[in-house]
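Novice: Put together the whole structure using the sequences plus the hints.
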Amino acid sequence: MTATMNADTGRQRTRAALFLAVAMAATVGSALAFQYIGGYNPCP
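Using the numbering used here, you'd call the opening residue of the sequence shown number 73 and step up by one each time.
Derived by calculation from the structure, the hints in this document are not laboratory data. Do not take every clue at face value.
[What the hints assert, rightly or not] Quick list of simulated restraints, FRET-style, between CB atoms:
id	residue 1	residue 2	range
1	Ala-79	Cys-115	40 to 50 Å
2	Tyr-112	Ala-89	26 to 36 Å
3	Tyr-112	Phe-91	42 to 52 Å
4	Cys-115	Ala-95	18 to 28 Å
5	Asn-78	Ile-109	39 to 49 Å
6	Ala-93	Asn-113	24 to 34 Å
7	Gly-110	Ala-79	39 to 49 Å
8	Ala-103	Arg-83	29 to 39 Å
9	Gln-107	Thr-86	23 to 33 Å
10	Gly-110	Thr-76	46 to 56 Å
11	Gly-111	Gly-82	19 to 29 Å
12	Ala-103	Gly-82	37 to 47 Å
Every value quoted in this text rests on a predicted model; they were computed, and no experiment measured them. In this text, a Cβ means the ideal position worked out from N, Cα and C, and glycines have one as well.
Specialist: As structure tokens, this is what we get:
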């Protein structure tokens, strides 16, 4: 069984990777916003 990669598969993987990168950045950004803007401290 061989794995072939065409242009459509590459585009789909690129979109998925970009979506995950943006989602991770939003998660970290919202945590930092809670900490610095909201004044909430992380667990001691």
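Novice: Indicate, hint by hint, whether the structure satisfies it.
Specialist: Verification of the hints:
Evaluation of the 40 to 50 Å hint for Ala-79 and Cys-115 yields a pass: the beta carbon distance comes to about 46 Å. Tyr-112 and Ala-89 have their C-beta atoms about 31 Å apart, which keeps the hinted 26 to 36 Å range intact. Between Tyr-112 and Phe-91 the beta carbons are some 27 Å apart, a value that contradicts the proposed interval 42 to 52 Å. Hint check: Cys-115 to Ala-95, Cβ distance near 23 Å, so the stated range 18 to 28 Å holds.
As the Cβ distance of Asn-78 to Ile-109 is approximately 45 Å, the hint placing it in 39 to 49 Å holds. Range check, Ala-93 to Asn-113: Cβ separation about 28 Å, and the 24 to 34 Å hint holds. Separated by about 44 Å at the C-beta atoms, Gly-110 and Ala-79 satisfy the suggested range of 39 to 49 Å. A hinted range of 29 to 39 Å holds for the C-beta pair Ala-103 and Arg-83, which are about 31 Å apart.
The hinted window of 23 to 33 Å between Gln-107 and Thr-86 holds, with their beta carbons roughly 32 Å apart. Distance hint for Gly-110 and Thr-76: a CB-CB separation of about 49 Å, consistent with the stated range 46 to 56 Å. One distance hint, 19 to 29 Å for the beta-carbon pair Gly-111 and Gly-82, is violated here, with the actual separation near 44 Å. Checked against the hint of 37 to 47 Å, the pair Ala-103 and Gly-82 fails, with Cβ atoms roughly 32 Å apart.
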